[in-house]
Amino acid sequence: MKKKRHLFRNFIVLVLLGLFGYLGYYVYNESDVFIIKNVDIMGNIMISESDIEKFILDDNLHYFKSNQYDLKERIESYPKIKDCAITKVFPDGLKIIITERLPVVAVHYSEQYLLVDEELYVVEVTDDPRSFYVITGYSFDDFNIGYQIKDDHRYILKNAIDLALLAMYSELENTEIEIIDRKIEVNLTDTLKAKFGDGDNIESRFSNMIEVYFEIMKNNRPSGVIDVSHDGLPVFQPFEE
5 MKKKRHLFRN FIVLVLLGLF GYLGYYVYNE SDVFIIKNVD IMGNIMISES DIEKFILDDN
65 LHYFKSNQYD LKERIESYPK IKDCAITKVF PDGLKIIITE RLPVVAVHYS EQYLLVDEEL
125 YVVEVTDDPR SFYVITGYSF DDFNIGYQIK DDHRYILKNA IDLALLAMYS ELENTEIEII
185 DRKIEVNLTD TLKAKFGDGD NIESRFSNMI EVYFEIMKNN RPSGVIDVSH DGLPVFQPFE
245 E
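Counting from 5, one number per residue, gives the positions in the sequence shown under this note's numbering.
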C-alpha cells in the first residue's frame, strides 16, 4: 500500500515539475515578460529618446538573450553618439547613459555644410550652418556621416576648429574662418583680418592676436592684417588708405 502511495506521490511530483518546467520555458521563450520594453535614457541633448529607442529596440530584444556589449556597439554606431554605458534592469529594462557627439563648426563642402565635432567626426550634413562657426576653403575628397574626416592635411582643419573654439570662448562675434592654400585666416571685421599660417601652437598665436586685436579696436574702424602666422611677436600691417 505504501509503495502505491509513493508511486502516486512521485507521479504528482513529476507532473508538477513538468508543469513548472513548461511554465518556465513559456515565460522565458514565448511570453513578453523578459522582452525589453522600458528604456531609461540619460545624457541626450540633441537626440530624442524616441530616436534612440527606434534605433535599438525590436521585438526580439530579450533581457537574458541580448548582449549589452553588442547593444553598446550598435548604439555607438549612431552618428551622433560618441559613447554610451548600458545597464540591464530586471526584468525588461535598460538604463542607457550616452555622450553625444556635439558639432562645434560647420565646414563648407560642395554647397552644403558638414557639422563636425572636435575630433573631426561628421555629425550631420545640412544646407544651413545655423549658429556654428563656418570654416570655408578646406578641400578634401569625401566623407562619411559618423566617421572622422580622413585627409593628409586634416591637422590644419583640426587647428582651425581649435581656433573656432578659442574665438567662441573669447566671445569674438561675426568672425569667419577661411583656409586659403592650407593657411588659416580669420575675418575679424569687414576691414580687419588675422593670419595664422598652418595653425601650429594655435593657443599661443591666438593669445598674441587677441592682444593686438583689442588694442587696435580702440581706434575707429581699424583696417589691416594681424599676422601671427609664425611663432614670435605678432605684426600688425595696416591697409593703405
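In case anyone wonders, no lab produced these hints; they're calculated from the structure.
Every value quoted in this text rests on a predicted model; they were computed, and no experiment measured them.
Backbone N, C-alpha and C define an ideal beta-carbon position, used for all residues, glycine too.
A few of these clues could be false.
What the hints assert, rightly or not - The following label-pair restraints were derived from C-beta to C-beta distances:
(1) 155 to 92: 38 to 46 Å
(2) 221 to 83: 33 to 41 Å
(3) 155 to 73: 26 to 34 Å
* Asked: Regarding residue 221 and residue 83, is the given constraint of 33 to 41 Å on their beta-carbon distance met?
  -> holds (40 Å)
* Beta-carbon spacing of residue 155 to residue 92 - inside the hinted bounds 38 to 46 Å or not -> holds (41 Å)
Notebook entry, point to check: Is it true that the C-beta distance of residue 155 to residue 73 lies inside 26 to 34 Å, as the hint says?
Noted result: Cβ of residue 155 to Cβ of residue 73: about 32 Å, so the range 26 to 34 Å holds.
Of the hints listed earlier, there is not a single one the structure fails to meet.
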